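Chemist: Take a look at the letters that make up each chain.
Number of protein chains: 2
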Amino acid sequence: MSARYLAITGGVGGAKLAVGLAKLLGPDALAFLVNTGDDFEHLGLQICPDIDTLTYSLAGLSHPDLGWGRRDETWGFMEALQQLGGEAWFRLGDRDLGLHVTRTQRLQAGASLTEVVREIATALGIRHAMLPMSDVPVRTVVHTPQGNLGFQHYFVRDQCRPEVTGFTFEGSASATLNPLARHWLEDPQLAGVILCPSNPFVSIDPVLAVPGLRPLLQRLQVPVVAISPIVAGLAIKGPTAKMMRELKMPLTASAVAEHYADILDGFILDAQDEALIGTVGRSDLSAIAAPSVMVTLADKVALARSTLDFIDQLSALRKW
Amino acid sequence: MSARYLAITGGVGGAKLAVGLAKLLGPDALAFLVNTGDDFEHLGLQICPDIDTLTYSLAGLSHPDLGWGRRDETWGFMEALQQLGGEAWFRLGDRDLGLHVTRTQRLQAGASLTEVVREIATALGIRHAMLPMSDVPVRTVVHTPQGNLGFQHYFVRDQCRPEVTGFTFEGSASATLNPLARHWLEDPQLAGVILCPSNPFVSIDPVLAVPGLRPLLQRLQVPVVAISPIVAGLAIKGPTAKMMRELKMPLTASAVAEHYADILDGFILDAQDEALIGTVGRSDLSAIAAPSVMVTLADKVALARSTLDFIDQLSALRKW
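Line by line, the protein sequences are chains A and B. Sequential numbering of the first sequence, starting at 752, is according to the working numbering. Sequential numbering of the second sequence, starting at 752, is according to the working numbering.
Hint data in this document are derived by calculation from the structure and do not stem from the laboratory. Hints may be right or wrong, so weigh each one.
[Stated by the list, open to error] Rough simulated footprint, nothing fancy, chain A against chain B, three-plus residues with beta-carbon under 8 Å: (1) 791–802; (2) 842–848; (3) 853–863.
[To be verified] Straight-line C-alpha distance at most 25 Å; calculated SDA-like pairs for lysine to any residue: (4) B:Lys999 - B:Gln910; (5) B:Lys988 - B:Ser1057; (6) A:Lys774 - A:Ser1057; (7) B:Lys774 - A:Leu835; (8) A:Lys774 - B:Leu835; (9) A:Lys774 - B:Gln834; (10) B:Lys993 - B:Ala983; (11) A:Lys993 - A:Phe918; (12) A:Lys988 - A:His1010; (13) B:Lys999 - B:Gly1029; (14) B:Lys988 - B:Ala1012; (15) B:Lys774 - A:Gln834.
All of these numbers come straight from a predicted model, not from anything done at the bench. Every residue, glycine too, gets a C-beta built ideally from N, C-alpha and C.
Construct all of the structure, not just a fragment, from the sequences and the given hints.
Modeler: This is the structure in structure tokens:
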């Protein structure tokens, strides 16, 4: 039996590394635990943005530039919706709708989100397990001085403009960790856990907030490593840097490592931030620098390779 | 106050005459009472084929050839749905989906079908009232030697191939006639009721099966006229002729008049069937012949004009 890895991920940045990891590891050796905190119901449809971005990324169907949605998309539905006076702030492409309608119908018929994600993945030729963090709905709420906002209203409708003062993960307290994720984490073949370079606050934290996961990660006898989504003081994409500033955090990769302090064994900074390695917190936390800006498939595979090598080194160095 | 008319209609053929009538009569003078027996839930969406065909026809958005759906349609949704292994026998265009998703969402939010139809009509610039026969779901079931079929499964999935032995309108017994239709029928300005050239069995009969409508029509002091959907022994479009054959009815316009015998005062046959005028049943039923094959807008307006003139003649001739 080969070594097994669980990668915890949100959308965009995480999905890029996921593609790299999936090139190096087969479906028996790699599973994804995916954020569902940014899921929402819209126009009567169940939308799962992070799962969808991962789905389209792994299936080779993702839009090359947008960071969400499908390639070769058309927009007839949105045009008709606008003509009818419907809510058009969340863009749903015609092909993308095939997925949302299928998922909504299956959920209404009583299937679990885990089952539906697997069915859709299978239909699209994806062999790796994508595990929603929980089949119980958890909803990320963004706190702002003007009040609370559902995540997609903050992120898409309001374009991340409101100042952020904190987050709540509604439903989290009564959510149950996906039992298949627990199974991977308790597997004797588990070799490491990877926190992908997704937004710590709204992509990874909602996953970590599912009861039982954090203690499981703390108890693990294998390395937990994170890849910084902050490179040279900037977020590659999305509002991570803006959120850190508004939350009065230092705008550095080291602050991300500190954010994950209680569960982390290893941290990967971007090669541009190599000088910060010494500033990465605790004495029992190892850090390395590696190119982490992923544009091409080769970039994704290279960072995946660096991550797996780092996990190997940590395993060899330490007495777990 | 001008004379008012209520036109009872299904899809295709009825919608063509509806367009003609709407050119001659303003929204104060004309309302449509529409079949909902072929409505169904599909992929979690509420689909109302006859209402939609009428909607697109009146809005000038209908597909020029298909007899259903929108012009300038694209099919990305269907392609994605098929890729996901979904049910693809009922074709839903990308723009058409904007309507189905909007309606489904509004119905789920508690709006009545009548309200939703009005909202969508208003958004598309339609000024005439399109009244669903009832806000209570009624479902046309087609009886065949192999068992019962939901209407769309018979009509679209099985392409009308099964032999027809009869029909049931499920839910009809507990349906309530749209109160706005009752209002039109009881209006002192009512000048006539028109049964459009739709399929008698699956477009008009489901409407007539709504409790209370048939006695209302029988009691009316103004003419009720029907236009034959059978021309020279053939149905212009759809399975009317095939159904009549399977139901052992003579394949003539006169048989259609006979089918409506208890409510009809006037009957319009196509000009090609002028020789049949003498065969149209009862002595108290007047019949005329007029060109009824509608291809161009002028054809539609001409048949609408013939129909209104015929109603005028009947009103003048008889002591109501």
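Chemist: Verify the coverage statement for the stretch 853–863 of chain B against chain A, using a C-beta to C-beta distance below 8 Å and requiring 3 or more qualifying residues.
Modeler: holds (count 4)
Chemist: Tell me whether the statement that chain A covers the stretch 791–802 of chain B is true, taking a Cβ distance below 8 Å and needing three residues at minimum.
Modeler: Contact hint for the stretch 791–802 of chain B vs chain A: holds, 3 residues under 8 Å.
Chemist: Lys993 of chain B and Ala983 of chain B were given as a pair; does the straight-line alpha-carbon distance stay at or below 25 Å?
Modeler: 14 Å, holds
Chemist: Compare the distance between the alpha carbons of Lys774 of chain B and Gln834 of chain A with 25 Å, and conclude whether the hinted pair is satisfied.
Modeler: At roughly 23 Å apart (the allowed maximum being 25 Å), Gln834 of chain A and Lys774 of chain B satisfy the hint.
Chemist: Is Lys999 of chain B within 25 Å of Gly1029 of chain B, Cα to Cα?
Modeler: 22 Å, holds
Chemist: So if I understand the rule, the pair passes when the alpha-carbon distance is 25 Å or less; does Lys774 of chain A with Leu835 of chain B pass?
Modeler: 23 Å, holds
Chemist: Can the restraint linking Lys774 of chain A and Ser1057 of chain A be considered satisfied, given a maximum Cα separation of 25 Å?
Modeler: Holds, at about 13 Å.
Chemist: Would you check the hint for Lys988 of chain A and His1010 of chain A, treating anything up to 25 Å between C-alpha atoms as holding?
Modeler: Distance ~19 Å between Lys988 of chain A and His1010 of chain A Cα, so the pair holds.
Chemist: Can you confirm whether the C-alpha distance between Lys999 of chain B and Gln910 of chain B stays at or below 25 Å?
Modeler: 20 Å, holds
Chemist: Is the Cα-Cα distance between Lys988 of chain B and Ser1057 of chain B 25 Å or less?
Modeler: Holds, because 21 Å separates the two Cα atoms, which is no more than 25 Å.
Chemist: Would you check the hint for Lys993 of chain A and Phe918 of chain A, treating anything up to 25 Å between C-alpha atoms as holding?
Modeler: 14 Å, holds
Chemist: Does the structure keep Lys774 of chain A and Gln834 of chain B at a Cα separation of 25 Å or less?
Modeler: 23 Å, holds
Of the numbered hints listed earlier, not one is contradicted by the structure.
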